[in-house]
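Just need the whole structure built from these sequences, with the hints factored in.
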Amino acid sequence: MTLISSSRPRTDRPRPTRPGTGRALTHALVVALALAIAVPVAWVLLASLKQKSEFFGSPWTLPEGLHLENYIDAFVDAHMGQYFLTSVLVTALGLVLVLAVSVPAAYVIARYEFRGRGLVELALLGGLFVNVNYIVVPIFLMLVDWDRALVDVFPGGFFIDNPAILSLVYAATSIPFTIYLLTAYFRSIPVEYEEAAALDGASRLRIMTTIMLPMARPAVTTVILFDFLAYWNDFIISLTLLPGDNKTLQVGLLNLFTAQKGAADYGRLYAGMVIVIVPVLLVYALIQRRLIEGMASGGVKG
Amino acid sequence: MTTLSTPSPGSTNRTSETGGKAPSAGSSRRGARAAPARRRGNTGFVLACLLPALVLFAVFMVIPTVNVFRTSLYTWGGFSPDKRFVGLDNFRRLLDDEQFVRAFQNTVALLVVVTVVTMSMGLFLAAIMTRQRLRGRNLYRFVLYIPNVLSVVVIAAIFSAVYDQKNGLLNGTLRLLSLDGLQQVWLGNQRIVLYSVAIAMVWQSLGYYMVLYMAGMASIPEELYEASALDGASATRQFFAITLPLIWQSLRTTLTFFVMSAVNLSFVLVRAMTGGGPDGSSDVLLNYMYKQAYTNSSYGYGMAIGVVVFAFSFLVSLLVSRATRREPLQF
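The listed protein sequences correspond, in order, to chains F and V.
Counting in full-length UniProt numbering, the first sequence runs from 1 upward without gaps.
Counting in full-length UniProt numbering, the second sequence runs from 1 upward without gaps.
Treat the hints as calculated values from the structure; they're not laboratory data.
Don't be surprised by glycine CBs; every beta carbon is placed ideally from N, CA and C.
Hints are all accurate, no fakes.
Interface residues of chain V toward chain F, partial, derived using beta-carbon atoms under 8 Å:
#1 L54
#2 P64
#3 V68
#4 L125
#5 Y140
#6 V143
#7 L144
#8 I146
#9 V149
#10 V152
#11 A157
#12 Y299
#13 M303
#14 F314
#15 S317
Derived CB-CB ranges, DEER-like:
#16 F:D77 to V:F91: 43 to 49 Å
#17 V:L176 to F:R290: 37 to 43 Å
#18 F:A24 to V:E222: 20 to 26 Å
#19 V:L176 to F:F158: 52 to 58 Å
#20 V:R92 to F:P218: 48 to 54 Å
Below you can see the structure in the form of structure tokens.
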């Protein structure tokens, strides 16, 4: 959001037309809302350090000491460490896949005239309205079908319970959004760069990879951020497609959460939550400016 | 890249003012590469770039979507091969299914409440943050946007901690303030569980829309406000006469997409937080579909619910888009 803060004076001069009380009231409202968000998150972070006995009684007491056993418990006994690794791999592979197929497609749609382009664009635009969770059941059934067809080759099954396939499904279902954003950006780049490069004898592939791709870096970063959040935070798809022991972090947390309802084992759950929250918060804190700018340019959420 | 520059048989639609029809294919191909690349011999390149994405899109999005509609016409236990065509029977059964009607009502109620609250609060906050230039508004924006990067499982777990009957943040605080009478079983009371879910949904999405509208409002020229202030317009009047009309297009787009994301968010949140309970009182359409498909293994019936979800969210999006159509204003 450099745009706002740089193009406007940052002085806090009071506006002559506005009465001071109204201003104070609205300020109080904003503070209250910010607290309503910050307090529960901070509370979970703190509660993860509490001992079992401290969870009963007032919720506002601070932890008595640094009890890290909740973390050891979550990481080792609840396998959150292992799930963490799975999530990292699935997310990374998903991002690689989606970029590998979407960047060329978006570039071609933005720059080349070809028969059926209108149709392709329309189909992808329609895809923006199809949420993955609407179609998770047929995707699951289709993969089960494929497994059954290939039972001679892979007796144990190949498509279900395969993290790489989960990545592929993530990548495939975020194609409409990714191409939509990249196409818009490619179109905004002046065509002269490519014409000059073509005159110099650069091949089409070279123009795409060494000229257009670097120029589209802001849009690519935006896409990576949004797809990262979508893959990392998903639990419906991974719950469905990875029914075995190899779970993602979110599903692991969901299990802790379900188990806690019966056993009231808060410490382990809160530690698990912190393990899930902290990486995302760190990424967010580092790139929030990028993220918010990108959001302003995209404007859609899948 | 030799495969790409080879003209494929289907490359008839290229513009062929020059070299395209040259008889000596070998040498002319080299020439074609030097000329502006977007002009000729493109079909191979276009296909190679487009096909992987289109195949994935078709296999994992188009076919499953079609399958939702197709399967809804069958009665099918999923893993068993007996798949019987029953026409619209599944839909007829839906009408008599009280659980379904309840899930539908809940979805609509959540959609209406959450949309109205989130959008109006988002607009209001964005207007305050941009117009009043609060001190520390970058910090507020940072904090308010946090829920949008958290996963729904985390949000469900946070809210369970807040709503927990005995040791929760909410009931614990009420007890501290000696307001024990106000304590509630926030997720266990059939009458209030839907509001508890709605609050979690607003909590999650408010910051996102606020930031989006702030971006829209930041591009409104300051002169408009200065001029109207000279004419004595109040802040409220300025909001309705300047801000709102000028970000209308952005509001319209977000509303159209919000329908879909709210239908989805209500599902993931309910799935993680209440499972639809107690006794179906917080069930929503997609959650009921999921239950029918996996717990009950009635895929045909489940997909009929899926069709309803598709039709519903498409129709509402269309209606919203139609109802909010205005002449775009320039500034």
